[in-house]
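There are 2 protein chains.
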Amino acid sequence: MIEFGLDRFGRLACLGFCVIAATPSAGWAQAAAPDALQVPAKSVPVPGTVSPQLAKIVGMPLRNGWDVLPKTGEDWVPVVQATAAATLKNLPAMQERLRVKVEKTTIDGVRAFIVTPASIPPQNQNRVLLHMHGGCYVLNPGEAALPEAMFMAGFGGFKVISVDYRMPPEAYFPAALDDGMTVYKALLKTTDPKKIAVFGSSAGGALTLEMMLKAKQDGLPMPGAIAPGTPMSDVTKVGDTFVTNAKLDNVLVSPDGFCDAGTVVYAKGHDLKDPLLSPVYGDMREFPPTILTSGTRDLLLSNTVRVHRKLREARVEAQLQVFEAQSHAQYYRDDTSPEAKEAFEEIGLFFDKHLAK
Amino acid sequence: MIEFGLDRFGRLACLGFCVIAATPSAGWAQAAAPDALQVPAKSVPVPGTVSPQLAKIVGMPLRNGWDVLPKTGEDWVPVVQATAAATLKNLPAMQERLRVKVEKTTIDGVRAFIVTPASIPPQNQNRVLLHMHGGCYVLNPGEAALPEAMFMAGFGGFKVISVDYRMPPEAYFPAALDDGMTVYKALLKTTDPKKIAVFGSSAGGALTLEMMLKAKQDGLPMPGAIAPGTPMSDVTKVGDTFVTNAKLDNVLVSPDGFCDAGTVVYAKGHDLKDPLLSPVYGDMREFPPTILTSGTRDLLLSNTVRVHRKLREARVEAQLQVFEAQSHAQYYRDDTSPEAKEAFEEIGLFFDKHLAK
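Going line by line, the protein sequences match chains F and S.
When we follow our numbering, the leftmost residue of the first sequence carries the number 7, and every step to the right adds one.
When we follow our numbering, the leftmost residue of the second sequence carries the number 7, and every step to the right adds one.
Don't take each hint at face value.
It does not matter which identical chain is meant; a pair holds if it fits inside one copy or across any two.
As the list claims (entries may be wrong) - Only pairs whose alpha carbons sit at most 25 Å apart, straight line, appear in this in silico BS3-like list of lysine-lysine: (1) Lys62 x Lys243; (2) Lys222 x Lys200; (3) Lys359 x Lys222; (4) Lys200 x Lys359; (5) Lys48 x Lys243; (6) Lys191 x Lys347; (7) Lys222 x Lys201; (8) Lys359 x Lys347; (9) Lys191 x Lys201; (10) Lys243 x Lys274; (11) Lys195 x Lys243.
The hints are simulated quantities; they were obtained by calculation from the structure and are not laboratory data.
These numbers were taken from a predicted model, which means no experiment stands behind them.
Bound-form chain F, shown alone (with noise of 0.2 Å):
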């Protein structure tokens, strides 16, 4: 005979004769704290639930040199050469592909790109994006910004520029910021702010949110909307999936690599937890109506998904798109796959229902 009882939890648990097999970790469960789940080691295959481009992307090993941690902007100064070379090298293909021209200029003493697609429609025809790169606030100087720039001008039809803004050893926090209010407030002199929308992955992400909170300090109008992607919104190694996905990320892959070391040398002592920072700390009211992207193996998923519910909290209009077994900002890794075109053309949508004419 089988008896199931309910434990102090109200779960069923086995009472007589029931046939219930140990889990791998309940021999851990002693040595650990009472309210850690202990995860066993797994083999995760790539799903045969994305594209055939994606599954290149997600099968791909940890990234090598995830745990290289240079210490000072000096520092960094090789291993930004070394990604940045690889980003060029794939540019002018990619930007064929896309069908985007690209020019260099100076907005109020700030570099920038002004990134064109070779037909505008006429709903984008008075439209301008704001773009604020990616690369955990040191990596993608120069033309490596633009791939993500490229892809929303090509998939959305929209004029784009993006602020090629100073990093170390250049310059430090605010340094990254203050370009990006200075474009902002540029393009405001000549354009309506309904017209504008600002938009970015990773440290492009925090920095669209950033922005906003500064707008809003500073007194000036917001954009119509906001894409932050996957945003570095906390930068205090707080969230969840900074530990469920860690080692799954194959992009980020830990809170103790790469991208936070970069995020330290930039921030100089200032306070990880400054909302200029670590945007989810930050009053997200009287934001404008935004789109958060991420994916399901996202370190950042925690990140994400706690702006959304922020937003959502201050009755934002926040729209959240969750791409299956993407890791961090994935989703513009290859123009050809099906899930770039798809995540973009998205972001285009929203702001196509939001912006004024």
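Since chain F is already given, all that's left is putting chain S on it; use the hints.
Frame of chain F; chain S shown alone:
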């Protein structure tokens, strides 16, 4: 001198005197399939980013009896009774806190409960919600189905009809779906479909989606909105988080656990890939506005986000909310947790936006 270069993936690789520690998984890579990632064991604490009430739920060990796998409807009876008893024990206090009234009824031969909040706001006076409960198509008969219906009625201020659909050993596929459709058709006789919403979680989320597919097949009008929570949208075990969140989700625990076993018993040999059992494979064009709910630790996070993407590809108005650190359907575990109130208020706002008055 430090020298970096690029490997064949265009990722940063060490060429010279780089300090790159071997990852814990490095030794396993050769033994496994080249594209399977070896994720090491980890100790996962309760994050500080959830409420104290939710922290208790997140901190629970893996559900006892998760690998008890009854093979027939009759074998499920003692398991069903034990879990139902646990739920019923908490029901009176919950009902009092949520200030809802419960009446037992029969609608065209189908057992149901009418759950009515103490006060219904004016805009909801003529609206009605149809609830399909969860429980892997075998659990939560009778009043045990009511917690989620009570949360929705209490936090949202809606009248809810909860369908006590037939389950094994009383009946098998497609009995649950048929009973849901019978109640929906009965409602259509008296109520504008645009004043009806359908909701439910887990199997109830799948049934919500299956009912939309069936309504389309039968030429019935769509309701005004639906809210499938963490739907069992793919019971063929396909989806990334079946692997990545295994042994992390402390409710479902594994795709080889009790829930899958219950579904197989209900299906009774029917093809599990039939969209009326795995609705992610159905045609979702013309679906009503949909809000989906999940958690970052949910074994069915992929099941949820895949439905979200599919709906958006079909250009259906669809919202996704993902709660920090929650395992499967933990948003309706404790009515005193702020996250529960937040989840159901969000669904209520979505219904209010999309339902006719």
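- Query: Is it within a copy, between copies, both, or neither that the alpha carbon of Lys191 lies no farther than 25 Å from that of Lys347?
  - Reply: neither (30 Å within a copy, 40 Å between copies)
- First find the shortest C-alpha distance between Lys359 and Lys222 inside one copy, then the shortest across copies, and answer within, between, both or neither for a cut-off of 25 Å. Classified as within; 23 Å inside a copy, 28 Å across copies.
- Evaluate Lys243 and Lys274 at a C-alpha cut-off of 25 Å and name the case that applies: within, between, both or neither. Answer is within; shortest intra-copy Cα gap is 17 Å, inter-copy 47 Å.
- Is it within, between, both or neither when you check Lys191 against Lys201 at 25 Å Cα-Cα? within (14 Å within a copy, 46 Å between copies)
- Between Lys195 and Lys243, at a C-alpha cutoff of 25 Å, which is it: within one copy, between copies, both, or neither? Intra 38 Å, inter 55 Å, cutoff 25 Å: neither.
- Homo-oligomer pair classification [Lys200, Lys222; C-alpha up to 25 Å]: The answer is within: 15 Å in one copy meets 25 Å, while 40 Å across copies does not.
- Within, between, both or neither, where Lys62 and Lys243 count as close if Cα-Cα is 25 Å or less: between (29 Å within a copy, 21 Å between copies)
- Message: Please sort Lys48 with Lys243 into within, between, both or neither, judging by C-alpha distance up to 25 Å.
- Response: both (24 Å within a copy, 16 Å between copies)
- Identical-chain pair category, Lys359 with Lys347, by Cα at 25 Å: For Lys359 and Lys347, the Cα distance is within 25 Å only inside one copy (18 Å; across copies 29 Å).
- Message: If the cut is 25 Å between Cα atoms, do Lys200 and Lys359 qualify within a copy, between copies, both or neither?
- Response: both (11 Å within a copy, 23 Å between copies)
- Item | Alpha-carbon proximity between Lys222 and Lys201, which holds within one copy, between copies, both or neither at 25 Å | within (18 Å within a copy, 39 Å between copies)
Consistency note: the structure conflicts with the earlier hints numbered 6, 11.
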